[in-house]
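J.: Okay, here's what each chain looks like letter by letter:
Number of protein chains: 2
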Amino acid sequence: MKTLNLPIKAVLIDLSGTLHIDDTAIPGAVDALKRLRKTNIPVKFVTNTTKESRRFLHERLVGLGFEIKPDEIWSSLWAARDLVASRELQPYLMLEDAAMEDFADLGKQEGEHEYNSVVIGLAPSMFDYDHLNKAFRLLLRGASLIAIHEARYYKRSDGLALGPGPFVKALEYAADCKSEVVGKPSPNFFKSALGDVDPKYAIMIGDDVRDDIGGAQKLGMQGILVQTGKYRPGDEDKISPPPCKVCPSFTHAVNMLLGELQKSE
Amino acid sequence: MKTLNLPIKAVLIDLSGTLHIDDTAIPGAVDALKRLRKTNIPVKFVTNTTKESRRFLHERLVGLGFEIKPDEIWSSLWAARDLVASRELQPYLMLEDAAMEDFADLGKQEGEHEYNSVVIGLAPSMFDYDHLNKAFRLLLRGASLIAIHEARYYKRSDGLALGPGPFVKALEYAADCKSEVVGKPSPNFFKSALGDVDPKYAIMIGDDVRDDIGGAQKLGMQGILVQTGKYRPGDEDKISPPPCKVCPSFTHAVNMLLGELQKSE
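Those protein sequence lines, which keep their order, are chains C and Y. If you count the first sequence from 1, position 94 lands on 94 in the working numbering, and the numbers rise without skipping. If you count the second sequence from 1, position 77 lands on 77 in the working numbering, and the numbers rise without skipping.
One chain only, chain C, in its complex shape:
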């Protein structure tokens, strides 16, 4: 494996599967994050979600014992909010109510403005013919299509269930347009989380070889794949170039990072 480019100027960390699984922290992860914090390297938490507001994510992580500030959480939903705000869009939001919270302060007032964009997340209650048809007609009139992410499906307690991706593809095909994907693995997602930091000196730690590591490395970041969460043996061979480093867990990843930093002093 490669040695890391130093100095390290930012570390991005995936949430589900890397720091926790559902409501359980990955063993050692709370302490490992504390030790990483001592280096004073800026940290951000990057996650693909279409329905959990930043406040909700923050509350869950703090509840698990992690030291995290709300504005260190960079979710695909929040990134979509940011994109809508920066372009001053009037979006038709295909989101569940719980996700609307992140858009609440943008001052959209139903009926007052013409929608000029469609923002689509995982919104089962809006994935019916009439709502999709409304989105389709907006796209025909030139609205832009913003996909929070494009997952094919997700795991639900009763089995696999459709993700937002299929409905994004349906609208793209219907209106003969292309969506702008906001979340991982879009390089822009990592870029916006990094701000001014040169990707060359930034690390991404995650359990999804394509969405976390592949996406980050496409931008020039250094990816560390952890073998927890959704990791399956052989995942490291699924992207080219392969992950910069592969570690058994977030704890091992932090220990390796701290070791390399120490060697360089």
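In short, the hints are calculated from the structure, not lab data. Please note that the accuracy of each hint is not assured.
Remember, identical chains collapse to one label, so a pair may be satisfied in a single copy or spanning two.
Unchecked claim - Using 20 Å as the maximum straight-line C-alpha spacing, the simulated EDC-like pairs for lysine to aspartate or glutamate come out as follows:
1) Lys155 with Glu172
2) Lys134 with Asp158
3) Lys51 with Asp23
4) Lys238 with Asp176
5) Lys155 with Asp130
6) Lys178 with Glu59
7) Lys51 with Asp97
8) Lys51 with Asp128
9) Lys155 with Asp176
With chain C held as given, fit chain Y onto it using these hints.
T.: The following block gives chain Y in isolation, referenced to the frame of chain C:
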């Protein structure tokens, strides 16, 4: 333009836009069909529909004055029925009630058999998250996906509305599979309508340059594009090779055919 391959052993004719528009026959079309009938060349009527049963289509055409027998009508819905019957499939039908009629005699009994296929037409009342999720899970378990056709949208009285195509694409993406498209422009559709007739000696008359003419010519048939219905100037240049013949209307197409037959006697 090319001269036609003789003898002509079958003529396939599109319905909407070629013989009639809504509830009005194209001027001269009823008489032209009568004159074509006198040649004793077998005729079939081929149409993409996902919701009108053969009985309904027949009643409408007879009501407009056309001499047509029910079994001369070859619709994409009927072709799907035929495919389901020939393969002895147990399909999960994503169709509106009016379309179910064509499948009524296939003896499917809800609950008794495991579905091993998904047949999808334009079924707004089934295009919601739960029904699509059910179809998705069947596909994951190995069911085949049969699309009656893949139209992006259609014209409704209140504007354009989503066709079955977007929902087919959604399921294909979700389950990482490919649908089998039954209707036009699928060459198999024309082939099944022709039966034993060599496509080289068969004619297709229609107003849709891609779905009617392009599809038929791909199978080796000879296409005659009529400039009624959805025809727009320049359509003849949209496929390669171009239509074998272009005629102002169905009447002109029949006159041209009869003229060529007479010359060859």
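J.: Between the shortest in-copy and the shortest cross-copy C-alpha distance, which are at most 20 Å for Lys178 and Glu59: within, between, both, or neither?
T.: Neither, since 35 Å and 42 Å both go past 20 Å.
J.: Quick one: Lys51 to Asp23, C-alpha cut-off 20 Å, is that within a copy, between copies, both, or neither?
T.: within (17 Å within a copy, 48 Å between copies)
J.: Should Lys238 paired with Asp176 be assigned to within, between, both, or neither, using CA atoms and 20 Å as the limit?
T.: between (31 Å within a copy, 18 Å between copies)
J.: At most 20 Å between CA atoms: does that hold for Lys155 and Glu172 within a copy, between copies, both, or neither?
T.: between (24 Å within a copy, 18 Å between copies)
J.: As a check of your reading, is Lys134 near Asp158 (CA-CA no more than 20 Å) within one copy, between copies, both or neither?
T.: between (30 Å within a copy, 12 Å between copies)
J.: I want to check one pair: Lys51 and Asp97. Are their C-alpha atoms no more than 20 Å apart within a copy, between two copies, both, or neither?
T.: within (8 Å within a copy, 35 Å between copies)
J.: 20 Å Cα cut-off: does Lys51 pair with Asp128 within a copy, between copies, both or neither?
T.: Intra 18 Å, inter 19 Å, cutoff 20 Å: intra and inter.
J.: One pair to classify: Lys155 and Asp176, alpha carbons no more than 20 Å apart. Within, between, both, or neither?
T.: So Lys155 and Asp176 pass the 20 Å test across copies only (16 Å; inside, 30 Å).
J.: Is it within a copy, between copies, both, or neither that the alpha carbon of Lys155 lies no farther than 20 Å from that of Asp130?
T.: Close across copies (15 Å), not inside one copy (26 Å); limit 20 Å.
When the structure is compared with the earlier hints, a violation turns up for hint 6 alone.
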